[in-house]
Amino acid sequence: MTQAVQLKPESPILSINNIEVVYDDVIQVLRGVSIDVPQGEIVTLLGPNGAGKSTTLKAISGLLKTENGEVSRGDIHFMGERIDTQNASDVVRSGLFQVMEGRRIIEDMSVIENLKLGAYTRHDGQVNQDIEMVFNYFPRLKERTGLAGYLSGGEQQMLAIGRALMARPKMICLDEPSMGLSPLLVKEVFGIIEKINREQGITMLLVEQNANYALKAANYGYIMESGKIVLDGSKAQLLNNEDVKEFYLGGGNETRKSFKNLKSYKRRKRWL
Amino acid sequence: MNFELLLQLIINGLIVGLLYGVVGMCFVLVYKSTQIVNFAQGEFLLVGAWVCWAFLTYFQLPFFLGFILTLCFMAAFGVLLQMIVLRPMIGEPIISVIMVTIGLSIFFQSLTKWIFGVSPQSYPQVFDTQSVAIFGLNIEFAYLMSTVIALLIMVSFFLFFKYSKHGLAMRATAFDQQVAQSLGISVKQVFAMSWGIAATVSATAGVVIGMVNGVSDSLSSIGIKVFPAVILGGLDSIVGAIVGGVVIGVLENVAEFFDSQYLHIGNMYDIAPFYVLLIILWFKPYGLFGTRDIERI
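These protein sequence lines map, in sequence, to chains A and B. Heads up, the first sequence is in numbering that gives the first Met the number 0, so the first residue is 0 and it goes up one at a time. Heads up, the second sequence is in numbering that gives the first Met the number 0, so the first residue is 0 and it goes up one at a time.
Mixed in with the good hints there might be a few duds.
One side only, chain B facing chain A, incomplete, derived with CB under 8 Å [unchecked claim]: (1) L167; (2) A168; (3) Q180.
Worth flagging that the hints you see were computed from the coordinates, not collected in a lab. Bear in mind the structure is a predicted one, so any value in this text is a computation, not a measurement. Glycine is no exception: its CB is placed at the ideal position from the N, C-alpha and C atoms.
Bound-form chain A, shown alone:
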């Protein structure tokens, strides 16, 4: 914590420095990924299936070790402390909470029990107060008294985010919060994510496939393909980038691109 105070205001709360990740000692998934997340902002990490987005998040949260993966090169610093060598529970204690892909709530527990579990690392008596705070963000959770496994997909996602809030984190990594949700619910969930970021000042790293919503919510974005960052830029830069428009947002150039141009895009990416 003392190190954190000494940080300059412009230095990022999370910085990933050229990491490589290897599963089972042989399968290389990330090939030199560097990401900076500034304090208090929403940064999004976009990319297709299998690009390594979830792996990046697991490298941050330390969950990689539970899947027999490891950061074989590079380092990750959170608030000035190196976290890639720490195990998952210590990372949570240092204030970084991951909402895993697929919500992963404890299905055979009630909503309240799930929320209490989110506060597992805390030792103050304000847990009940924070449960009320979560219910303020997600009023519909308050009405659900049965097992969390019976909640709808959207409600489970809300519970997963609420559970993260219970830990009073400095930063939340969200892995595909829009997965499996109807467009209306996606809108609602993203609205709440932005609201939490605004009101609580919690920094967010948002992994998404739904580039449209993610870029609207974020201040800055990274695009990842096959284990590398191929493009990064501010919201405006990415929204106006022709390639991003074509490949991630739909639309783009009026004239349909030919295969030749597609190939040139691929070639260009390799150099980035």
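Put chain B on the given structure of chain A with help from the hints.
Relative to chain A, chain B alone:
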């Protein structure tokens, strides 16, 4: 038909069955949170009963002090056993881990024989009254106490898993270890805690049974008796363990009754639960290790 004897045996069965249920709960606790089938469960009773006996006779401590010291000892015993012997086994094939627990079982049986001798020993008199008559039935006072203790343990288990932070953490770990870790729960800690609780609670059952029957090797056989109970109960359900324990307890006493009255085969008391186990495994062949086949709905 001797109804009075039958009733007496059924009540005995209920009382013993509750103790089976308590030991079964410990078995299920370890199985659920660490996926280890603990064949050394019975030795927890044995070690606990011997340690308490040593406190009471060698050191001449008053019963409650000796009992509490035993519980502290067993908590440390369970935690250390997990940390030293079983933690390095994490990630090894399930059969290796089971072999280790069988090895532990043999080791502690021999160790207690070596330290305390082979002859059964009885506890010093703890309660003034030997037995009480309830509805004209003689019930040993220690048994009555054991029922109270068993019920207390069950209620505290319920409260622990429902309301305490660590209880919730253990349930979360049982549900999904990766998620538990993402919430900041140290899975290693949960594993150690579950062994500590299992050892402590089993030792309580060991002391209670030891007070009635004396301390001897046969205490560890409770660990085997618990198998039919937990399999009947569904292996990963704590409520199931209690129900299974009571059913097995009553069943062996009723079997004993019919054997002594009509069949005269002999030793049905010990064998009947295993017949039940065989029949259950007949219909659920993967009941024991096939965790995937067990679906709680």
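Going through the hints against the structure:
no. : hint : in the structure
1   : L167 : holds, 5 Å
2   : A168 : holds, 6 Å
3   : Q180 : holds, 4 Å
No hint from the list above goes unmet by this structure.
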